[in-house]
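Hey, can you work out the whole structure from these sequences and the hints?
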Amino acid sequence: MTAPAAPTLDELVGNNPMHADHVTIRFGGLVAVNDVSFTIPPRSIVSLIGPNGAGKTTFFNVITGLYEPTEGAVFFDGKDITGLKPHKRAESGIARTFQNIRLFNLMTAEENVMVAMHSHLRSGILSTIIRTPWQRKEEKQARELAHELLDFVGIGKVAGEAARNLSYGDQRRLEVARALALKPKVLLLDEPTAGMNPNESAVFVDFVHRVRDEKELSVLLIEHDMSVVMRVSERITVLDRGTVIAEGTADDIRGNQQVIEAYLGKTGTREGKRRKPEATS
Amino acid sequence: MTAVLTTPAPQTPKKAKQASSRSWGDLAWPIGYVLVVAFLFVFYKNLLPDLQDNIAGNITKWLPITSINEAMVWIVMALGLNVVVGYAGLLDLGYVAFWAVGGYVAGWLMSPPWNPDANLTFHLWSPSNANPQGIHVTFWLVLVAAGVVCVVAGLIIGAPTLRLRGDYLALVTLGFGEMVRQVAINGRVFGFNLTNGDAGISSLDSIGTGPFGQIQGIPTHLGAFDNEFKLLVLGAIVGLCLFISLRIRRGRLGRAWLAIREDELAASMMGVSLVKAKLSAYAVGAFFGGLGGVAYAASITGAVSPSKFDFSISILVLLMVVLGGMGNVWGVLLGALVLSWVNSTGLNQFGVQWDEWFGTSIQGDFKAHQFGLFGIVLVLMMLFRREGILPERRTRALMREPSRSEAEAMGADITEAEIADEVVAEEDPTTEKGLSS
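Chains as they are written, first to last, in our numbering: chain H, 1 to 281; chain L, 1 to 437.
Mixed in with the good hints, there may be bad ones.
[Unchecked claim] Restricting the straight-line Cα-Cα distance to at most 20 Å, the calculated cross-link-like pairs of lysine to aspartate or glutamate (EDC-like) are: (1) H/Lys183 with H/Glu216; (2) L/Lys276 with H/Asp10; (3) H/Lys85 with L/Asp310; (4) H/Lys79 with H/Asp10; (5) H/Lys88 with L/Glu264; (6) H/Lys215 with H/Glu91; (7) H/Lys85 with L/Glu264.
Honestly, the hints are just simulated from the structure, not real lab data. Note that this is a predicted model, so its numbers are computed, not measured.
Given below as structure tokens:
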């Protein structure tokens, strides 16, 4: 928790792909996120953890543009994007997956990925109707890129299957492939290993590294599985009731008494329950 | 999440198959469609008069060419609504508004003088028989003009509904549909006679054939008895709408519409601008509505009046889309054909036949209860075939087959090998194209 001399806002914004500055979100009287500053360094894998209801997903939604923060600002790629619409943010390079998988179920895997290329494609109504050579070329390239991405996440052979017919694991992979189609600079993964067994989770850790290295982006992870978080993250931020209570490397967090109390509970079990307010010794 | 874990299923030859069926499909339907329209033309023009009297009589009674022409207009409307409802998933209960706007554009631009407030005289390539007074623009330009005006109207009507979903969207569109009709009934807008109120605008110009009129045997303008030629004109308009519908589906915008239909939030998170995608769906749908409005006014009724733009028309068009199979143009085409025929000819003729057989005199009753009948059909359909007569492949899958995750939730153990088989089976090229099946 010992932070070095705090960099200025300009430095934070200029040197990092994303920086959320003193973000507060209130829903009526409820403060879901309280004065959280959060930086995603370039080519990094950072995690946001915390008990249920800590405000992780709410914070995610501020970054992706679903909610506007009550106070504070979000910077991306050197620009203030606080008031930007979700699709504009996606276009500029913020991609996400969903906690409960939200694929376009009746569309094929290939089409799912191609939807995410929407903002990078240029053909309009008329060129689609006339099917100009240029439009055909663009479609062909998009399709090839989609297949590349599907191969990259390892589900190339089911490209023509409707998303709803994919197995659970493949649906998770498809969500990542779809997000990558946005050519993101920052990839937000919302509980990606939910429902995976330990083997699959282990494979996932390697996968996140591979995505980061090959696609040259930063990854922000919301995750409950501590073994995954500890192995994959370069920096971990712990939220509790909307406030940052700790930030640091896996080792810092592991040894942090406040985190253990807040998150893991007194017994220190991995699947620790939420601390009861009066459960102090 | 790597390829290592998954079983290496054989690379099926589906890519090649897909490509071949696609290029064949692109050619197959236009050829088939042109052949069908050409056959209908030749049949009604040349073959029908030579047939035996009782056969020819039955055909003119049960399937007169006027009923086909009228069905063509309904097909245009249904295809337009299909873009909005079937493709983009935006329920529109006021679609008749565009039919009305298209009709009035035709009324304004191709009619003898009716408006004491603005007694203009203007001719533009109109057929030679036109009344010297009033504004007379050729049908073909009016088509374009109505298309453009309706696109603008679609954007205006669409804009306020962008934030709405489901029931609310349906209510607002319903309101807009009624508004347009009420404006037409009132007739006066800021003291200016815009639509001539209940009386409407009548004696619209007939369709001019332009350079084709020079050819022996082709009339210079299509009057009340040139139904065979009208069939060709309407056939061309329907063909254009089919072409647009099919092509636009397979591209950037078509995918965006599908995505919005399934999950708006996820679509916007994937970079799809909801505003642009929805507005373009409204615009394309409205464009079709404009074409349909002009075609109906100029070739079927020769007049426009507010009574033709009732709320029930919106429902009927929606019923055609739903009955035929939302999202699949061939299903929608079939739905429009069947319902339009039942509406214009079938019920009436059935009544006549009934009277003939049983010596009653209730022929009008069947026609009078048309909406009751449609209601029953709709209920039966929702019970037994929710996806429509010729559903889109995706919708059918949704209605008929449990999804894999559902199946697995009930204990099914689906192996990768089975999936690979399914992929091969589903690539059977006849499944998607409704016309070829």
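* Asked: Does the alpha-carbon distance linking H/Lys85 and L/Glu264 stay inside the 20 Å limit?
  -> With Cα atoms ~14 Å apart, H/Lys85 and L/Glu264 stay inside 20 Å; holds.
* Asked: Going straight from one Cα to the other, do H/Lys215 and H/Glu91 come out at no more than 20 Å?
  -> holds, 16 Å
* **Hinted pair H/Lys88 and L/Glu264, Cα distance within 20 Å** => This hinted pair holds, its Cα atoms lying about 15 Å apart.
* To do: Would you check the hint for L/Lys276 and H/Asp10, treating anything up to 20 Å between C-alpha atoms as holding?
  => Outside the cut-off at roughly 34 Å; violated.
* Between H/Lys183 and H/Glu216, does the CA-CA distance stay at or below 20 Å? -> The hint holds at about 10 Å.
* Within 20 Å, alpha carbon to alpha carbon, are H/Lys85 and L/Asp310? -> Violated, at about 39 Å.
* To do: Quickly compare the C-alpha distance for H/Lys79 and H/Asp10 to 20 Å and report which way the hint goes.
  => Satisfied, since the Cα-Cα distance of roughly 11 Å is no more than 20 Å.
Hint violations for this structure: numbers 2, 3, all remaining hints satisfied.
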